[in-house]
Structures are given as structure tokens and as C-alpha cells.
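Assemble the dimeric complex from its two separately framed chains, guided by the hints.
So the protein sequences, as listed, match chains A and B. Each residue of the first sequence is one higher than the last, beginning at 9 in this note's numbering. Each residue of the second sequence is one higher than the last, beginning at 33 in this note's numbering.
Rather than coming from a laboratory, the hints here were simulated on the basis of the structure. C-beta: ideal position from N, C-alpha, C; glycine also. Certain hints may be false.
[Said to hold, decoys possible] Selected chain A positions facing chain B (Cβ under 7 angstroms, derived; list incomplete):
#1 S123
#2 L124
#3 V130
#4 P143
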Amino acid sequence: LPRALALSGADRRIPFATLLRKPMTILRIRFVRALALSLVLAAAAVQLPIAFATSAAAHEFMSGTIAIMHPWIRQPPPSSSTAAGYLSITNTGPSADTLLSVESETLGNSVLHTSLTNGGVVEMQTLEGGLKIEPGATAEMTPKGVHFMFTGLSQVFRVGQLIPADLIFEKAGRVRVAFKIEPISFAPAGTAQQSMDH
Amino acid sequence: MRADRLLFIGIGLFWLIVVILAIWLAPPGGAGALTRPGAQLILDGGIRASFALTDHNGREVTERAFTTRPTAWFFGFTQCPDICPTTLAQLTLLLDKLAGDAARLNVVFVTVDPERDPPEVLKQYLSAFDPRIVGLTGTRSAVDAMAKSFFIYQAKVKSPDGGYTMDHTATILLTDAKLRFQGTLDPHEDTDVQLQKLRRLVSRGAA
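Same shape as in the complex, but just chain B (with noise of 0.2 angstroms):
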């Protein structure tokens, strides 16, 4: 019985100070493993956005509109029946997780099927979602150049009905208030890493 125990006990010190050497061995993980010198040469040569388009509501925007706080982008068209609803929805309630600290972020919904999606097509499509979602519309050319700069996959394929659908990175782009690259959400992720994500661009947005 008490050599029992005192196994028991041995086995527990042993964990323990396994743990802790663990912990003080590790390298700083989480946002230190993105701040190491060669990671941040790619960071920092992110996003080089400038670009003109219109939002839902008519209004003419540029790059300069998404500078005063971090950005969540996600691109997509609304004749889109699965993929861009579902991850919308997705964004609403992520919104609603975020609570107060959904003031401190944008999201934006970037059109690209732009000849489809003029703004008021726009406006009445998000209606259905989150009406802190922005979207962003503009021509054939002004699209294709923003998502280009946003290193965003886009084209048109035909559908045997006759129609067309757009192929397209569904992935969510996450930019800081200077328009840096921080990283993305995975349309495949759980709710709760995606929130991990926003919470810990909004906070670093603030510092």
C-alpha cells in the first residue's frame, strides 16, 4: 500500500517536471513563431492594396476605407449556392461570438462576379446577413486587379445549363489596420478556432 503511493507519488513529480521542462525548453510559439526574422520578411511583403470600388450602397471606396482597423475579406459571388451563403452565415455568427469587439474589425464581402453583382444586387443580398458585412463591387478590371493584389483565385466556368459559375478561393484573408497580411480562416475550421483568430487580430489591431 504506501509503496503504492509512493510510486503513485514518483510517477506525478516525474510528469511534473516534465512539464516544466517542456514549457521552459519551447520555443515561443503562437504569434512569436510569426515574428521570427524570415517569416516576417513575407509578412511584411503582404498585401500591396490600392484599388477603386464601389460598396453596396453606392459609395466610391478605396484601399484607405479598411486602414483604421484589422479586416477579414472574403470573396465570392451571390449566385453562388453553397459556398458563399454557408461561409456568410458563418461570418454572421462569428460576428455575433465577437460581441463588442466586432466593433474593432471589418469584414468584407468582395464580388467576383461583378458583372452580376452591381450594388444594388449587392445590398439586397446581404440584407440576409450581418449588416456590418460591406460588400465591394466595381468593374470587370478594377475586381480582377484587387483580387489579384489580394492573391486571389477567380474564373468564370460555363455550366452545361448554359449559365456560368465562378470557381474561387473561398479562404479568408485576415489584414491588419495597415493592410498587412495576418493570416487566414479556412472555411473548414471549427467556430471556435476561427474565433480564437479574430479575437487575437482585433486585440493585436489595438496594440
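With the rest of the complex left out, here is chain A (with noise of 0.2 angstroms):
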């Protein structure tokens, strides 16, 4: 222990007997540097490709005092006609607003559905009257909750593929936006396939 002590300090002014006795030491102190260095520089680079990715991600609308955070839709896999549509709205203004439904040439009919779970069994429901959006609040359509339900659908989709759309609001009115297809794995970040107390 005292020589671990003493070298794990003194790398400053090795003597050069000490080099001379002790090459394998010193090795060792470089080693374990080189390889905290690199654990660093790796880790750097791990984190970078990520921020990346989160920004190019969030893609963002504005309307007033509404914002749509990231509208996107799972990429339906072959021979589903079918897709879901999800995003979030956050509210800045001083009143409410509801979200009422989505208008698209491509992606043809769609509800405002709400997935239902109750005693294991789901079913989705319309959402009459729209989403309300509280002022100051932000809410949220993800997988297994509130989403777009777009039926009759007959092309096929591409990962990172814009699909445009306009929102209809009751007060912000028509709000042009973009769905973006994401892979079948994608789970928004916050929720990751995770629990939702319902």
C-alpha cells in the first residue's frame, strides 16, 4: 500500500534509478492514464452521435402561442393499412385550446383515438370533443394512449420519410406541420416502451 501511495503521486520527478529498477511501474502508471484518457475520449464520442441524434429528432412547430413537439408515426409494417399518429402540444397562451383533428391527402381518413385499457382488454375509443390543452400544460400523444388513428392507407413508408399534414385547432385554427416515419423500434424519449399509470 505505502508504494502504491507514494506512486500514484510521484510521477512528477521520477528518479531515473527508479525508472531503471522499476520500468514495469511506470508502464503501469502511463497505462492507467492512457486508459482513463481513452474511457474519457470514448465516452465523448458515444455521447456526441447521440445530442446529434436528439436534435435532428425533435422537429418542431409554431403556431401562437401552440407548439407541436415532434409528430411522428410508426413505420406500419407490410400489409397494415393502418397507422398511429403521435406527438405533444404545449399551450404558452392565457386560454385553453383543443386539439380537434388532422387533415393530410396522404395519409388519408384518421380519428382522434384514445387506446383503452380495462381489465387487461383495450379498445380505442374517439375522442369526442377533441384533446383540450390547458394553458401553461402540455399534452401528450404516445404509443398505448391518445393518438391519430389513419386508416386505408395503401404506400409504403420510409424511415425519416415527412408526411404533411395540418392540424385543426378550435381557437389556433389550421397548423401546417410534418409527420416524421419512425422505425418500428422507436419509443419517444421520456417514455421508451416504458409504464404509463392510466
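See below:
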């Protein structure tokens, strides 16, 4: 232990004699340092693409006091002609607004739906009256919850493709957005396929 | 200073004793709780499955295809926009995380909409997910009978556009290699909880 202590603070001026006698120890210190440095660099290298990925994935649309974050659609598996669209809406205005519907030439028919789980049974219900966003609040549309159901889809969607659509609000009116096609395994940040209390 | 330290040690010792007592006195949890006599009756009388369906490759299969190892059963349909692709993506993730243990488990997707989901449609649909997931379909009456024996609720619901959608149980059922009910995965659970349940299922399946 004393030797280890001495060495840990000692390499600033290692006597030449020590260097001759204990080259392996010196090498070990160098090795540990190199390892630590490489770990830091590796961590930074891993962090960077993640930071880029999230900033690239997060696309946002504004209209007055309504901000719409990352409208996305899970890429429909082949042979499925339905898809679900998700997004989140923040209302920074002084009064509540309501999301009523979505219109898109590419996405065909749509219904504002919620998946309700009752005793393990899932049923989809039309969200009567739309999705209300209180002032200062954020309404989340995420998998297994509130979503747009698109039906009668015939074309193939590519991951990364952007599909233009208009969201219709009671007060903000028509807001142009683009739904991004995300891979089947996609889970929005924060929800990450985790539990959501209903 | 000295009194402080004594107090600190005293509190530490107290909690140590409490924890030891709690562990010693507590009834066996986990698997033990499931094997108490009352629960055993229900579990042993669980799924009495016998079915004749077709898999996504067009092969006739019966329940015997699923009696060599434990199985996770999910019921859904390919025209389901939200729950089904989300859950199948989750099962794909779980199989990936199970790594080597995945080979000791069947994962089955049974369609509750056989009219729109013949084998070739299932095959296409499942190509988007883990290739180890097996799709099952059949005649309406065969699927009805099979779902009923697995305590699965399913009902056709008309939608405003003239089409229909299906209400269905989305809970994933777990059976052992003798097709006895072993528990469930809830779609709203954490991935880690689901992973633990599957690991326990396959380790018991090996015993």
C-alpha cells in the first residue's frame, strides 16, 4: 500500500534510478492514464452522436401560442394499411385550446383516438370533443394512449420520410406540420416503452 | 462527539436487527407465494388448450408445437394501429435483451381477425419484427375457440369509416412447457419487469 500511495502522486519527478529499477511500474501508471483518457474520449464519442440524434429527431412547429413537438408515425409493418400518429402539444397562451382533427392527403382517413385498457382488454375510442390543452400545459399523444388512427393507407412509407399534414385546432385553427416516419422500434424520449399509469 | 458516534452506531445496529428480523420472519415471496395450496389449484386448472390452427408459413399446428418450452402468447391483428405494433416491437426488444435465453422461449402472435389475416398476410406483417415470433391464424371458429380457452376477450367493433376494428385482451399470457398458466406481461409494465418475468419463466421451464 505505501508503495502504491507513493507512486500515485510521484510520477512528476520519478528518479532515474527508479525508472531503471521499476520500468514496469512506470509503464503501469502510463497505461492506467491512457486507459482513463481513452475512456473519457470514448464516452464523449458516444455522447456526441446521441446529442445530434436527439436534436435531429426533435422537430417542432409553432403557431401563435401553440407549439407542436415531434409529430411521428410508427412505420406501418408490411400488409398493414393502418398507422398511428403521435405528438405533443404545449399551450403557452392564456386560454385553453382543443386539438380537433388532422387532415392530410397522403394519410387518408383519420380519427382522434384513445386506446383504453380495461381489465387487460384494449379498446379504441374516438376522443369526443377533441384533445383539450389547458394554458401552460403540455398534452402528450404517445403509444398505448391518445393517437391519430390513419386508415386505408396504400403506399409504402420510408423511415425518415416527412408527411405533411394540417392539425385543426378550435382556436389556433389550421397548423401545418410534418409527421416523421420513425422505425418500428422507435420509442419517444422519456416514454421509452416504459410504464404509463392510466 | 463520542456520544454522537455512539448514537449513530446504535441506530445502525437497530436497523440491522430490524432488517434481519424482517428477512427471517417474512413468508417466502416470489415463486413461493404462487405455490401456496390455494393458488396452486387455480394455476393447475389453467389453460386447457387444444387447437388446430395454421402458422404464418402455412403449416398446420396444434398446441403440441408449444409443449417443448415455455411460451408467451399475444393476441392482436394486423390492422391494429397502436397497441399491436407497439407490443410486437416490445416483444422484439425483449427477445433481443434475452440473448441466449430467447432460444428457450416461444413467442406467439395469434390474430383475432382471421378474416383479414390469412397466413401470407401474417407472414408479411411479422417480417417487420423478430423472426422468432410465430403467427397463428385459422378459421373464425377455430380462432374463437382457441382465444376462449386462453381467456382472451375479442370483439369486432364497427368504425365510423364503414370498416371495423377489434377490441381484444392485450395482456401477454405466459405458459410453461405443459401449457400451464404461469403469469402475464402487462403492456404498461417496465421493460425490466417484463424481462425478469421472462427470465424466471425460462429458468423454471428448464427445471
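Do the hints match the structure? See the list:
1. With 7 angstroms as the threshold, the beta carbon of S123 (chain A) comes within range of chain B, its nearest partner Cβ sitting at about 5 angstroms, so the hint holds.
2. Nearest Cβ of chain B to the Cβ of L124 (chain A): about 9 angstroms, over the 7 angstroms cut. The hint is violated.
3. Residue-level restraint check for V130 (chain A) holds (minimum Cβ-Cβ distance to chain B is 4 angstroms; threshold 7 angstroms).
4. Because the closest C-beta pair between P143 (chain A) and chain B is about 28 angstroms apart, greater than 7 angstroms, the hint is violated.
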